[in-house]
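Take 2 as the starting number for the sequence shown in this note's numbering and just add one per residue.
In the DSS-like style, the derived pairs of lysine-lysine whose C-alpha atoms are separated by at most 27 Å in a straight line are:
(1) K858 - K786
(2) K26 - K8
(3) K786 - K822
(4) K315 - K384
(5) K541 - K507
Derived DEER-like restraints, expressed as beta-carbon distance ranges:
(6) A726 - K778: 35 to 43 Å
(7) E233 - D728: 49 to 57 Å
(8) T308 - G601: 37 to 45 Å
(9) N141 - Q121: 29 to 37 Å
Just so you know, the hints here were simulated from the structure itself, not pulled from any lab data.
These numbers come from a predicted model, not from an experiment.
Built from N, CA and C at the ideal position, the CB exists for glycine as well.
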Amino acid sequence: MNEELRKQIEEAKELFEREEKYHSKKSNAIFAWQISKAEEVLKNGSEKEMGLALDGGSWAMLFGITGAARLYQSQRLMETAVPEEKALFGSMRNRKEDYLFFSASELAKLRGKLSHPLIQKEWKRIREIADEYSLKDTENIPIYMKAWRQLPFNFHTVSEACTAKIRFALPEGEVYLDKICLKESSTGIKQIPNTSFVNAVLVSEKRKETYGNRGRLSVENVIALHGTDEIETMESIEIKGNADYTLDLFVKQEKPLMQLLRISVLLYDLAGNCVQIADYDWNRLTHIRWDYMFERSCADAVVYLLTGEEEYAKKAAAELLYMLSDMKQTGVLYFMQYNQKPFDDGYGTVHMGRAMAGLCMIYDILRKAPGLMTEEQQKEIEKGIFFIAFYLGQCGTVNCENGGLRYFPEMEDQSSLLLGGNWTTDQFAGLGYFALTFPEHPLSPVYLENSKAVVKKHLEELTDPDGIWPESMRYHFAVLQGLLLYALVLKRNEGTDLAVNPKFKKMYQYALETQLPQYCYTDNTISHLVFGDDNLGTGKSFWHFNLASTLFRDSDPVFADRLLATWKKSGGDIAFDGLNGWLLPFILTDADSVPMDQVGGLQSQCYPHFGLAVLRSNAETERDTHVTVVCTKNCGAHGHFDLGSFSYFANGVPLSLDPGVESYWDNSLKWYRSSAAHATVQFDGQNVLNSDGGLGMVYEEEDKIRYFSTSDELDYLMLTVKNPAGDGWQIRHLILHKKSGALIVYDQIEDFRGETVWNLPLCSRETMVRKKEVIGKGHFDTDIKVQALLPESPQITVERGAVSPGALPAAYQDYVRIHGKDTDCFLVVLQPVRRDTPTVSVALKEGVLYLDKTPVKLQIIEGKN
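Can you build the whole structure from these sequences, using the hints too?
Right under this line is the structure:
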């Protein structure tokens, strides 16, 4: 160890001599001190101390000489890259007057839009956000703005456990607790009221506070723990033995604790004996993160822009300084020094890249207001934004693997640019915003060219021939909304028009033509497809389709009209909100065009490269039927074991639904990813996808779409799934009977010996098994009848399991299991049941499927059947 430390110290000294002239006095003094401390340890330290001196203590934030040298070297370019007063972009706009998205002369017209009914609601919301805190509050943000952290504590119960109690013990200090619940995938969420704890002291606050990514919420009757407090639930909570649980709660801690908060789950058997104690120790300040401030700072800047009220500009400047400091200290410096990401998920290049647009927007507005920022404030803000740009532009693409950090090679290594996926896209789009906002920065020409090159590369090679992003639909939309705003600002300020890029248009086309039916539970709005790490939600994700219609209006007015109609069906939202939403785009909304009532042209589609199919009938009517099928391993790179699975809507409501995912961090993630949670066939309990693909990877294996056809009478899809653990095949035939809306599922099982299970999620509030039939009572006006025609004597069981929050009126759905053996085939008919819905009779004779006595010849695989 001492030889390695000696070597690193010598290299650090050489680096210092070589680079000293490029650094500030402060940076040089710190690095020289770090070298001297490492030399002291080398001379007198223990083996453990030498290890810490070599590479740092990671979470303890100790300065190891290796990390210190890396950080020192990385600071060189940042400290020498000072702005120069010269024009680098020739034809770019006059930065002293114009804004990123509009000219100074257009501002008055935009202010006039505030009285438009479509704009008023969002404008009111933005004003309310901006008015929550005063200028005095923003001058001392840590004191006046409070934040809570969500803590998911995962544990596994022993088999004997049947009840539980929860205990919090705090020997000294002060901590606040709220929103406590127990989660388990089959029993759902058990809320534990704050009032259920014996002797708990409950307090409230007058103003809302930030509860992580749930946003600003009221603080009412939360638990206040003070030194020597120990509280426990009054009554026992029923739980399952041998199960994965998450104790979820929010914590607020404003001062360090000398002794830890002990969180305990006490588990008891039937006799009342304590058989297990699961503990978690907490001691972590819950400061306001930059992304909790982001929306508020944007709101203050936008209110100033549209009203001219100077107090809002001053607030925005103070908030911007706070955010930049947090980004640098909590995130970037930690990344650079320890080569791994911090505890919080919010400081990577993807987050900073998304934020850069908002940071530039705020600064762009503030610097138009002479005298509202002090000279010192403006310089500090510029230095902060320059530092984030340096992080995005010089550190390469960040890819976290097992908590670590990997720096990819320089831009010349084009293949590496694809590996980061949406991380890299957002990273380099952010650099583009920076370059357009700071054309005087010496690196801006390089940043802008790199930005355009990476975005073009991703559109050409990361999206497939149909313009599909190689992840779940959630990421497709996240990337798309960012690219849309990037396209608008790029076209206006630099001239590049992304609307002429066929892949960019196809990204919108794919999102448009796969939209789900209008759903009564979400106020009759559409949603996007749900598979992988996603949830069935409202139509908010379509908010940018209005702006997209303006981009395509000249080149393809029909397509622009379809985008606008889709936006209307999604609820007509114009808010770019959330942790990375930067608010200004609402004022650019097309408030004058009248959307069509229907999108039109929504048909069944097959995307063979991506491995997805959509079967459709009666689109945009009250009998809208929609089936989404995950066909190959290429589909989404999202790591769920869902190969061959489907979601099924009929009469506009879900009857069988992919459960999505609730959280990356909860124990329930195992459930949501499992094959048992999807409409799959399992071989001996195996998960049917043992690889998540990976970005840009294309599988040319047996698991693929074998056949697809569509007609006015029926859609027919055939795909194959290989047993991942050995011999065995599933040949899945899916047929949508368009007249009745029935879905026929025929699964041939070949070359297998063992137990099989046919799984079906069922969106029912009550499920009854009657010999070869399952009747599910729907949550709305449509029930579902499941007929198991094969195997001949099916064994059918039903289990209850979780579904992502907000998808249904209940937090669970039932999961039907039909059990088979060896090469038993499965023939199952899913029939929507409503008073006005026709039915279909199904029979299988000598390889021919009969629907209402009409034969449908089953396809075969050449050389396989």
